[in-house]
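*Asks:* Sequence:
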Amino acid sequence: MHSSLTSVRPALRPGFSSPDELWKEILKHIRYTLGQSRVDLSPKGMLRPLALAIRDRLIDGMLETEERYRTTGAKRLYYLSMEFLMGRVLSDNLCNLQLNELCRDTLAEHGVDLNEVLDTEADTGLGNGGLGRLAACFLESLATLGLAGFGYGIDYEYGMFTQEIQDGYQREKPDRWKKHGTPLQIPRPDQSVHVPIYGRCDAHARTAQWSDQKLVLGIPSDLPVAGYGGRTVNYLRLFAAHASEEFDIQIFNRGDYIRAVEQKIAGENISRVLYPSDQVKSGKELRLLQEYFLVACALRDILRAFLADNNDLNQIPQKIAIQMNDTHPALAVPELMRLLIDEHGMEWKPAWEITQQTLAYTNHTLLPEALEKWSLPLLEHVLPRHMNIIYNINHDFLLKVVQSDPLDFERTRRMSIIEEASEKQVRMALLAIVGSHSVNGVSELHSELIKKTLVPDFAKMFSERFNNKTNGVAHRRWVLKANPGLSDLLNRTIGDDWILDFDQIKRFEGVADDAGVCSEFREIKRENKQRLAKVIAQATGVLVDADSMFDVHIKRFHEYKRQLLNLLRITYDYLRVTEDGETLTTPATYIFAGKSAPAYIAATQIIKLINNVARTINSDKRVNEQIKIAFIPDYRVSLAEIIIPAADLSEQISTAGMEASGTGNMKLAMNGALTMATLDGANIEMLEKVGSDNMYIFGLTAEEIAERQAKGFQPREIYDADPRIRRAIDVLSSDRFSPNEFGLFRWVYETMVYRDRYFHLADLPSYIETHERAQRDFTDRDNWSHRAMLNVARMGKFSSDRTIVEYASDIWHLAGERQSVAV
Numbered sequence: 007m008h009s010s011l012t013s014v015r016p017a018l019r020p021g022f023s024s025p026d027e028l029w030k031e032i033l034k035h036i037r038y039t040l041g042q043s044r045v046d047l048s049p050k051g052m053l054r055p056l057a058l059a060i061r062d063r064l065i066d067g068m069l070e071t072e073e074r075y076r077t078t079g080a081k082r083l084y085y086l087s088m089e090f091l092m093g094r095v096l097s098d099n100l101c102n103l104q105l106n107e108l109c110r111d112t113l114a115e116h117g118v119d120l121n122e123v124l125d126t127e128a129d130t131g132l133g134n135g136g137l138g139r140l141a142a143c144f145l146e147s148l149a150t151l152g153l154a155g156f157g158y159g160i161d162y163e164y165g166m167f168t169q170e171i172q173d174g175y176q177r178e179k180p181d182r183w184k185k186h187g188t189p190l191q192i193p194r195p196d197q198s199v200h201v202p203i204y205g206r207c208d209a210h211a212r213t214a215q216w217s218d219q220k221l222v223l224g225i226p227s228d229l230p231v232a233g234y235g236g237r238t239v240n241y242l243r244l245f246a247a248h249a250s251e252e253f254d255i256q257i258f259n260r261g262d263y264i265r266a267v268e269q270k271i272a273g274e275n276i277s278r279v280l281y282p283s284d285q286v287k288s289g290k291e292l293r294l295l296q297e298y299f300l301v302a303c304a305l306r307d308i309l310r311a312f313l314a315d316n317n318d319l320n321q322i323p324q325k326i327a328i329q330m331n332d333t334h335p336a337l338a339v340p341e342l343m344r345l346l347i348d349e350h351g352m353e354w355k356p357a358w359e360i361t362q363q364t365l366a367y368t369n370h371t372l373l374p375e376a377l378e379k380w381s382l383p384l385l386e387h388v389l390p391r392h393m394n395i396i397y398n399i400n401h402d403f404l405l406k407v408v409q410s411d412p413l414d415f416e417r418t419r420r421m422s423i424i425e426e427a428s429e430k431q432v433r434m435a436l437l438a439i440v441g442s443h444s445v446n447g448v449s450e451l452h453s454e455l456i457k458k459t460l461v462p463d464f465a466k467m468f469s470e471r472f473n474n475k476t477n478g479v480a481h482r483r484w485v486l487k488a489n490p491g492l493s494d495l496l497n498r499t500i501g502d503d504w505i506l507d508f509d510q511i512k513r514f515e516g517v518a519d520d521a522g523v524c525s526e527f528r529e530i531k532r533e534n535k536q537r538l539a540k541v542i543a544q545a546t547g548v549l550v551d552a553d554s555m556f557d558v559h560i561k562r563f564h565e566y567k568r569q570l571l572n573l574l575r576i577t578y579d580y581l582r583v584t585e586d587g588e589t590l591t592t593p594a595t596y597i598f599a600g601k602s603a604p605a606y607i608a609a610t611q612i613i614k615l616i617n618n619v620a621r622t623i624n625s626d627k628r629v630n631e632q633i634k635i636a637f638i639p640d641y642r643v644s645l646a647e648i649i650i651p652a653a654d655l656s657e658q659i660s661t662a663g664m665e666a667s668g669t670g671n672m673k674l675a676m677n678g679a680l681t682m683a684t685l686d687g688a689n690i691e692m693l694e695k696v697g698s699d700n701m702y703i704f705g706l707t708a709e710e711i712a713e714r715q716a717k718g719f720q721p722r723e724i725y726d727a728d729p730r731i732r733r734a735i736d737v738l739s740s741d742r743f744s745p746n747e748f749g750l751f752r753w754v755y756e757t758m759v760y761r762d763r764y765f766h767l768a769d770l771p772s773y774i775e776t777h778e779r780a781q782r783d784f785t786d787r788d789n790w791s792h793r794a795m796l797n798v799a800r801m802g803k804f805s806s807d808r809t810i811v812e813y814a815s816d817i818w819h820l821a822g823e824r825q826s827v828a829v
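In this note's numbering, the protein residues as written are 7 to 829.
Do not rely on the hints blindly, as some may be mistaken.
As the list claims (entries may be wrong) - Listed next, the in silico BS3-like pairs over lysine-lysine satisfying Cα-Cα at most 25 Å (straight line):
1) Lys325 <-> Lys81
2) Lys430 <-> Lys290
3) Lys50 <-> Lys695
4) Lys220 <-> Lys34
5) Lys512 <-> Lys487
6) Lys717 <-> Lys695
7) Lys220 <-> Lys379
8) Lys290 <-> Lys379
9) Lys614 <-> Lys627
10) Lys325 <-> Lys512
11) Lys803 <-> Lys695
12) Lys406 <-> Lys457
13) Lys475 <-> Lys512
14) Lys179 <-> Lys614
15) Lys457 <-> Lys803
16) Lys475 <-> Lys458
As the list claims (entries may be wrong) - Pair by pair, the computed Cβ-Cβ distance ranges are:
17) Glu425 <-> Asp494: 49 to 59 Å
18) Lys406 <-> Pro729: 56 to 66 Å
19) Asp411 <-> Lys355: 37 to 47 Å
20) Asp509 <-> His387: 46 to 56 Å
21) Asp119 <-> Ser23: 18 to 28 Å
22) Glu425 <-> Leu549: 50 to 60 Å
23) Ser23 <-> Glu450: 44 to 54 Å
24) Ala545 <-> Lys220: 39 to 49 Å
25) Gly289 <-> Pro745: 50 to 60 Å
26) Lys627 <-> Pro193: 17 to 27 Å
These aren't lab readings, by the way, just hints derived from the structure by calculation. Nothing here was measured: the structure is a model prediction, and the numbers come from that model. Built from N, CA and C at the ideal position, the CB exists for glycine as well.
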């Protein structure tokens, strides 16, 4: 079965009839919503009233969309995720409502620049990296496809931290995005829910009394998500934690004001910060509370909406689909069971059937440390009833495991949801697999590795349950909005059908040989590079040449993503120039951006190393006209929208077999960057579409790495045998880049030569040679631009529209206005 999109255009929602009408709406909100008598024409002063005027139209769209879903009896998809990296939501909605020009003209009449207004909006602080950005792309595609799909998340007060670089070190500051927030957010206090935590419960009973709980109040608000054209406006529902009024009043009545305040603070901490540190006991408990708070609020709200129109709980799987985005929402399995049994009086067996038929699970990682486990004592303390339910789920499941092979005790141990270690732990990925009817990976390689290496026993037992859904990205966000120059060129050369059906981008290949179009394409890229060069100068003080190759490595910092591999190769080039007297084939600007988890010492050390190397190279007159390095702090969606259209070369160099999919690779290629890649994640599928002549592939495959691991990989042998590698490592680990901090980077030698878990040294020779070929190729700008255009033209598969159509057809069984399925 394969999925396709119809070419039906959604009818445009009524917007504003004229600039005058929009201006009147803006003035109305200045007076009656903001309570101001004077009009503040500064960019910051205009953001809120403009957003409120747009929000009115979005609310109309939400209400009309909801009515349409009710009338048609549409099945609904609820997407549960700890992260939603939405970026600046006003500009995204303006793009999809097609109101940019009207807003631009309206504000210009009063001397205000729309771009300056939109630049004052803070990125919504609801996510960290690819997981959250994927969720945001999915919501946009769901709305554009006319599907009844809604996100559920946490309304973090601070979200991800703001990153500052001080003396090369990452410093974390609170992300105060809530200070001004987003005016598009719609409070829904009338739909608040109570979430029980702690207390005590009868041991191991299938129907048990959960008593003496504390209550936390979840107060929702909605963030509208407009599909392109505005006919469908879905929403992301976010819950903020507050102390329960009922609980507080009992303490107040006893006269204990201080304790009441402490309880209020403790309750609100649940939604205070994204991913509190789990390095300490209190942090672990808070993170568990967060994950439960998300699923408890979401499921109670989902059932409330279902019961408003239905009275037969057995119909839930026909009316509701719930997707768990990674293991964080895996507590949805016992929580849905608890709600059906304890609060709706259902028997265990039908409740379990409903739970399995409703829930689906997406796995996003093969890294063992990223597969969550919670200790039994902690779960029994925080969620005693859920631990009862998990015991019973595991009991029933292991009976089936034993029945299928009663003598394989090791298999039974491997498959148990409860890990029998020195401290018993609940394996959340296994709970999600057992409690779902679908388990999917996010690239073809990743999905195969899930079955072969991560959970092979489960793949054999539930072969029909496992499937692949290769990730995609919202091309309207990452091309139409982020790259207006390229979008205009596409519209003029192939028409605008690509906006709704990205497969039509293939028609751009037909003009890739046109010298005039190729020249225009190259000039658009140069303008984007000049814009980024200004941002780099403002953010870092580094002056870069827009005619140099912009080599971009932008992603969360992790050892397996191998920013250090990139730096080793840059150091190799630096030494060729400064010690060997060579001249590089082409000047290059190396652009890094990304954050490290504060407690991830190795990743924060790599950030420090990059910044120290940058400081040395950028100030060395022998080399700084050939190599520049810029680390742009505080990577976020709005910054990515500037970097990505300007990239010439995209670094996708993770250790093969460790990146589930990647989506930055897709965004960069869609915008005309050629890709330097290992055969990992979705890079493999991009290679199939783009062709080996238009990508740069290097390094070991996942199978070759597995073979070397089995034989006992010895990085010291590579270090000893290759003088290029030895010199780069010796220089990086010496004090050359840290003259006032002796021994600071000695860890480079120790890590690379004696451990090298992520195979930097094994891949470095191939990486050096492939990079030299890319640099030579870049000197032929006409051919490089031609190949970049082919990258754009061959990326049709990687729209999130295609991904969502596959989810809707194969897993959720949803139908929308623009979705069709061909067999």
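*Asks:* Each of the hints needs a verdict: does it hold here or not?
*Replies:* Now the hints, each set against the structure:
Proximity of Lys325 to Lys81 is assessed by CA-CA distance (about 4 Å); at most 25 Å being required, the pair is judged to hold. Simply put, Lys430 and Lys290 have alpha-carbon atoms about 16 Å apart, close enough for the 25 Å limit, and the pair holds. Using a Cα cut-off of 25 Å, the hinted pair Lys50 and Lys695 is violated, with the two alpha carbons roughly 44 Å apart. A hinted pair counts as satisfied when its Cα atoms are at most 25 Å apart, and Lys220 with Lys34 does not qualify at roughly 44 Å.
Using a Cα cut-off of 25 Å, the hinted pair Lys512 and Lys487 holds, with the two alpha carbons roughly 19 Å apart. Proximity of Lys717 to Lys695 is assessed by CA-CA distance (about 34 Å); at most 25 Å being required, the pair is judged violated. Simply put, Lys220 and Lys379 have alpha-carbon atoms about 24 Å apart, close enough for the 25 Å limit, and the pair holds. Only pairs whose Cα atoms come within 25 Å are accepted, and Lys290 paired with Lys379 is accepted, the gap being roughly 11 Å.
Straight-line distance between C-alpha atoms of Lys614 and Lys627 comes to about 22 Å, which keeps the hinted pair within the 25 Å bound. For the given pair, Lys325 sits about 37 Å from Lys512 by alpha-carbon distance, which is inconsistent with the 25 Å threshold. For the hint linking Lys803 to Lys695, the alpha-carbon distance of about 8 Å falls within 25 Å, and the restraint holds. Only pairs whose Cα atoms come within 25 Å are accepted, and Lys406 paired with Lys457 is accepted, the gap being roughly 20 Å.
Pair hint Lys475 plus Lys512 holds up; C-alpha atoms about 22 Å apart against a cutoff of 25 Å. Of the supplied pair hints, the one linking Lys179 and Lys614 holds, its CA atoms being roughly 17 Å apart against a limit of 25 Å. Straight-line distance between C-alpha atoms of Lys457 and Lys803 comes to about 24 Å, which keeps the hinted pair within the 25 Å bound. With a C-alpha separation of about 17 Å, the suggested pair Lys475 and Lys458 falls inside the 25 Å cut-off, and the hint holds.
Between Glu425 and Asp494 the C-beta distance comes to about 56 Å, which sits within the given range of 49 to 59 Å. The hint said 56 to 66 Å for the Cβ distance between Lys406 and Pro729, and at roughly 58 Å that hint holds. Checking the proposed 37 to 47 Å range against Asp411 and Lys355 shows it is violated: the Cβ atoms sit about 24 Å from each other. The hinted range of 46 to 56 Å is satisfied by Asp509 and His387, whose Cβ atoms lie roughly 52 Å apart.
Distance hint check for Asp119 and Ser23: the Cβ-Cβ separation is about 23 Å, which falls inside the suggested range of 18 to 28 Å. One distance hint, 50 to 60 Å for the beta-carbon pair Glu425 and Leu549, holds here, with the actual separation near 54 Å. The given range of 44 to 54 Å is respected by Ser23 and Glu450, whose C-beta atoms sit roughly 49 Å from each other. Checking the proposed 39 to 49 Å range against Ala545 and Lys220 shows it holds: the Cβ atoms sit about 45 Å from each other.
Under the hint 50 to 60 Å, the C-beta atoms of Gly289 and Pro745, about 37 Å apart, miss the expected range. For Lys627 and Pro193, the Cβ-Cβ distance of about 58 Å falls outside the hinted range of 17 to 27 Å, so the restraint is violated.
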